[in-house]
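Visitor: Next come the chains, spelled out residue by residue.
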Amino acid sequence: MKSAFVSLTAVLFITACASTPPAEPAPTPAPAPTQPTPPPSTGPIAPIPPVPGSVDEFNKTAGNRVFFDYNSAQLTHEARAVLSRQAAWLNHNGTTRILIDGNCDERGTREYNLALGARRASAARNYLVNLGISPSRISTISYGKERPIDGNSNEAAWSRNRNAHTGIVSGATS
Amino acid sequence: MRLLLTFLLISFATPALATLEIDISKGHLDPMPIAIPDFVGASEPEREIGAQVAELVRTNLERSGLFRRLDPASFIEQQNNINIQPRFADWRVIKSDALLSGRLVMESDNRMRIEFRLWDVLAETQLVGLQLATTPENWRRIGNKISDVIYQKLTGETGYFDTRIVFISESGPKTDRVKRLAIMDQDGANPTFLTSGKYTVLTPRFSPTAQQITYMSYATRTPSVFLFNIETGRQEVLGDFPGMTFAPRFSPDGTKVIMSLVQGGNSDIWVMDLRTRQRQRLTSSPAIDTSPSFSPDGSRISFNSDRGGSPQLYVMNADGSGIHRISFGKGRYSAPVWSPRGDLIAFTKSLNGKFHIGVMRPEGDVERILTTAYLDEGPTWSPNGRVLMFTREPRPGAGPHIWSVDLTGANLQPVTTLGDASDPAWSPLIQ
Numbered sequence: 001m002k003s004a005f006v007s008l009t010a011v012l013f014i015t016a017c018a019s020t021p022p023a024e025p026a027p028t029p030a031p032a033p034t035q036p037t038p039p040p041s042t043g044p045i046a047p048i049p050p051v052p053g054s055v056d057e058f059n060k061t062a063g064n065r066v067f068f069d070y071n072s073a074q075l076t077h078e079a080r081a082v083l084s085r086q087a088a089w090l091n092h093n094g095t096t097r098i099l100i101d102g103n104c105d106e107r108g109t110r111e112y113n114l115a116l117g118a119r120r121a122s123a124a125r126n127y128l129v130n131l132g133i134s135p136s137r138i139s140t141i142s143y144g145k146e147r148p149i150d151g152n153s154n155e156a157a158w159s160r161n162r163n164a165h166t167g168i169v170s171g172a173t174s
Numbered sequence: 001m002r003l004l005l006t007f008l009l010i011s012f013a014t015p016a017l018a019t020l021e022i023d024i025s026k027g028h029l030d031p032m033p034i035a036i037p038d039f040v041g042a043s044e045p046e047r048e049i050g051a052q053v054a055e056l057v058r059t060n061l062e063r064s065g066l067f068r069r070l071d072p073a074s075f076i077e078q079q080n081n082i083n084i085q086p087r088f089a090d091w092r093v094i095k096s097d098a099l100l101s102g103r104l105v106m107e108s109d110n111r112m113r114i115e116f117r118l119w120d121v122l123a124e125t126q127l128v129g130l131q132l133a134t135t136p137e138n139w140r141r142i143g144n145k146i147s148d149v150i151y152q153k154l155t156g157e158t159g160y161f162d163t164r165i166v167f168i169s170e171s172g173p174k175t176d177r178v179k180r181l182a183i184m185d186q187d188g189a190n191p192t193f194l195t196s197g198k199y200t201v202l203t204p205r206f207s208p209t210a211q212q213i214t215y216m217s218y219a220t221r222t223p224s225v226f227l228f229n230i231e232t233g234r235q236e237v238l239g240d241f242p243g244m245t246f247a248p249r250f251s252p253d254g255t256k257v258i259m260s261l262v263q264g265g266n267s268d269i270w271v272m273d274l275r276t277r278q279r280q281r282l283t284s285s286p287a288i289d290t291s292p293s294f295s296p297d298g299s300r301i302s303f304n305s306d307r308g309g310s311p312q313l314y315v316m317n318a319d320g321s322g323i324h325r326i327s328f329g330k331g332r333y334s335a336p337v338w339s340p341r342g343d344l345i346a347f348t349k350s351l352n353g354k355f356h357i358g359v360m361r362p363e364g365d366v367e368r369i370l371t372t373a374y375l376d377e378g379p380t381w382s383p384n385g386r387v388l389m390f391t392r393e394p395r396p397g398a399g400p401h402i403w404s405v406d407l408t409g410a411n412l413q414p415v416t417t418l419g420d421a422s423d424p425a426w427s428p429l430i431q
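So the protein sequences, as listed, match chains V and Z. Residue 99 in my numbering sits at position 99 of the first sequence, with consecutive numbering throughout. Residue 319 in my numbering sits at position 319 of the second sequence, with consecutive numbering throughout.
Rather than coming from a laboratory, the hints here were simulated on the basis of the structure. From a predicted model like this one, the values you see are computed outputs, not experimental measurements. Warning: the hint list may mix true and false statements.
[Claimed, not checked] Which chain V residues stay away from chain Z? Per the calculated CB distances, all over 12 Å, these:
| # | residue |
| --- | --- |
| 1 | PRO39 |
| 2 | PRO47 |
| 3 | PRO49 |
| 4 | PRO52 |
| 5 | VAL55 |
| 6 | ASP56 |
| 7 | GLU57 |
| 8 | HIS92 |
| 9 | THR109 |
| 10 | ALA118 |
| 11 | ALA123 |
| 12 | ILE133 |
| 13 | ARG147 |
| 14 | SER153 |
| 15 | SER159 |
[Claimed, not checked] Simulated DEER-style distance windows between Cβ atoms:
| # | chain 1 | residue 1 | chain 2 | residue 2 | range |
| --- | --- | --- | --- | --- | --- |
| 16 | Z | GLN263 | V | PRO47 | 39 to 45 Å |
| 17 | Z | ARG325 | V | GLU78 | 32 to 38 Å |
| 18 | Z | ASN317 | V | SER54 | 52 to 58 Å |
| 19 | Z | ARG325 | V | PRO135 | 33 to 39 Å |
| 20 | V | PRO40 | Z | ALA398 | 48 to 54 Å |
| 21 | Z | ASP273 | V | ASN130 | 37 to 43 Å |
Every residue, glycine too, gets a C-beta built ideally from N, C-alpha and C.
Use the sequences and the hints to build the structure in full.
Guide: Laid out in structure tokens, this is it:
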């Protein structure tokens with residue numbers, strides 16, 4: 001780009017001087033060849049680990065939501081893995097208490113979905129209890145189809161909205 | 001809240017045998033043409049309210065789909081005295097089958113009196129003559145009462161115009177929805193909020209006296225069935241149940257509320273006596289049992305259960321015995337509601353990605369689908385069992401609104417609400 005600019009300037013200079021006697025142009029020194037500056041290397045720095053025992057740590061290391069198939073409260077393989085990590089964290093942070101809320105997609109009627117959400121919350125709760133979490137630390141609630149996390153109306157949104165969400169309600173490090 | 005309305009027969013003439021009658025059980029019929037001139041009055045304020053009342057009656061009757069209002073501009077006879085016989089020939093010329101003549105009189109103590117006569121134009125007879133008295137701001141109730149009288153006289157069935165709808169008013173994004181308990185007249189007039197929107201409220205239903213509403217609220221730590229007294233505004237949690245309660249409905253005599261209770265993640269049906277506060281468990285299956293609804297004689301209960309593997313409709317006796325499935329068609333059935341006439345159960349059905357409102361007999365046969373949309377759900381019956389209101393989301397993301405449809409499947413139309421609205425419940429006729 002730089003060299004193109006130089007030669008264009010030279011052409012304009014010659015044209016402008018066409019009517020005047022040509023003068024010997026002063027010899028210009030050839031530009032020194034330049035090396036392109038290498039771009040700065042980028043890369044992540046090590047993330048700050050979540051504060052042990054914090055809600056942030058729970059959400060990042062265990063995961064706070066498990067998902068269900070349509071009209072089902074069966075725990076999937078993936079859901080069991082998340083709940084196992086939740087149980088490990090809860091065992092390690094024994095003074096925390098949780099609220100599990102069960103949720104449904106919009107393709108069911110309101111009251112049936114309240115019942116289905118209760119069943120989903122209960123499925124997650126029972127799995128944690130079987131892994132040694134005291135039932136006294138767990139509350140459950142159903143929101144039916146009233147609390148979607150994705151407001152769209154398509155298959156992807158519906159699958160996100162069919163879930164049981166585990167919230168730490170007390171005892172976590174802030 | 002209860003309003004003083006007096007009805008006095010002002011004509012004691014031998015009632016003529018009504019030759020004019022609409023058969024409303026037919027699916028397709030020609031609406032009956034009716035002429036309703038503005039009600040006459042001696043003063044400008046009287047004529048002003050008289051015109052409003054007449055317009056309300058015209059709108060009500062036409063909305064029913066059974067009547068066709070004639071354009072007042074076509075009227076030949078201009079009545080200024082309703083106490084002399086109309087010139088029937090003038091009304092026959094414009095092809096009016098019925099004529100309503102009304103008069104409004106302001107009385108001294110902030111009260112007004114409305115007199116009206118309904119005429120059979122062809123038979124040249126008076127079908128009914130009544131007077132009603134109330135306060136002027138109450139003119140809508142008068143218009144609704146008159147509409148009910150005409151409907152009853154000309155169809156032989158009780159009307160449904162002097163009624164109200166309790167519903168959920170919705171606002172805000174889907175992921176952070178505000179839901180408020182609200183009430184309005186059956187035509188959408190006089191909308192009033194009953195709760196602030198701080199807590200989610202769902203599925204309101206009237207008591208048989210229309211003085212109380214039972215609904216579900218998240219105002220308590222464990223979401224619960226509530227009672228709301230319309231007269232006093234008082235709200236209370238119904239019972240001290242060991243878990244979430246939802247899907248409440250009054251018994252037909254108003255002495256009990258039936259609902260679902262969640263225990264260990266499982267929903268069963270319970271009934272609570274409002275006087276003794278005693279509760280009784282009616283179902284005990286590991287399946288979902290919800291959306292209970294009494295038959296109008298109180299002897300049976302329809303409900304929704306997935307005990308057979310998918311959501312279907314069931315009927316049992318009021319004591320929980322004799323449970324049997326009644327829905328056997330394709331699709332998933334829910335939200336059964338027994339007709340006030342007792343002859344049908346309305347329901348929500350989902351099939352192939354669409355939702356429908358339908359009706360079937362309590363025996364489970366003669367199923368008819370009345371509506372189809374992306375989401376139609378939660379039917380509620382007019383007190384005469386002829387019209388259903390329900391929640392409709394016509395397209396994905398369009399937001400819910402209240403719609404109504406006749407039992408015949410005809411006359412599908414939206415009900416005007418301010419903003420999004422869902423979960424309508426129809427009151428009985430107001431006393």
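Visitor: Would you mind marking each hint as holding or not holding in the structure?
Guide: Hint check results:
With 12 Å as the threshold on Cβ separation, the claim that V:PRO39 sits away from chain Z holds: the shortest Cβ distance comes to roughly 41 Å. Every C-beta of chain Z lies more than 12 Å from that of V:PRO47, the closest at about 28 Å, which supports listing it as non-interface. Distance check for V:PRO49 against chain Z: the nearest CB is about 30 Å away, which clears 12 Å, and the non-interface claim stands. Listed as outside the interface, V:PRO52 is consistent with that label: its C-beta sits roughly 29 Å from the nearest C-beta of chain Z, beyond the 12 Å cut-off.
The beta carbon of V:VAL55 is kept farther than 12 Å from every beta carbon of chain Z, the shortest such distance being approximately 20 Å. Against chain Z, the non-interface label of V:ASP56 holds: every CB pair exceeds 12 Å, the least being about 22 Å. Once the 12 Å rule is applied to beta carbons, V:GLU57 is consistent with being away from chain Z; the minimum gap is 25 Å. Separation of V:HIS92 from chain Z is adequate, the least Cβ-Cβ distance of about 26 Å exceeding the 12 Å criterion.
With a cut of 12 Å on Cβ distances, V:THR109 falls inside the contact zone with chain Z, its closest approach being about 4 Å. Non-interface status of V:ALA118 relative to chain Z is broken: a Cβ of that chain comes within 12 Å, the nearest being about 4 Å off. Its closest Cβ contact with chain Z, about 7 Å, brings V:ALA123 to no more than 12 Å, contrary to its assignment away from the interface. V:ILE133, annotated as away from the interface, keeps every beta carbon of chain Z farther than 12 Å; the closest lies near 16 Å.
Distance to chain Z contradicts V:ARG147 as a non-interface residue, since its nearest Cβ pair spans about 8 Å, not more than 12 Å. Not every beta carbon of chain Z lies more than 12 Å from that of V:SER153, the smallest distance being close to 3 Å; the non-interface claim is violated. The Cβ of V:SER159 lies farther than 12 Å from every Cβ of chain Z, with a closest approach of about 15 Å, so its non-interface assignment holds. Range check, Z:GLN263 to V:PRO47: about 43 Å between beta-carbon atoms, so the 39 to 45 Å window is met.
Judged by the Cβ atoms, the range 32 to 38 Å given for Z:ARG325 and V:GLU78 holds: they are separated by roughly 34 Å. For Z:ASN317 and V:SER54, the Cβ-Cβ distance of about 55 Å falls inside the hinted range of 52 to 58 Å, so the restraint holds. Evaluation of the 33 to 39 Å hint for Z:ARG325 and V:PRO135 yields a pass: the beta carbon distance comes to about 34 Å. For V:PRO40 and Z:ALA398, the Cβ-Cβ distance of about 50 Å falls inside the hinted range of 48 to 54 Å, so the restraint holds.
For Z:ASP273 and V:ASN130, the hinted distance range of 37 to 43 Å is satisfied, since their beta carbons lie about 38 Å from each other.
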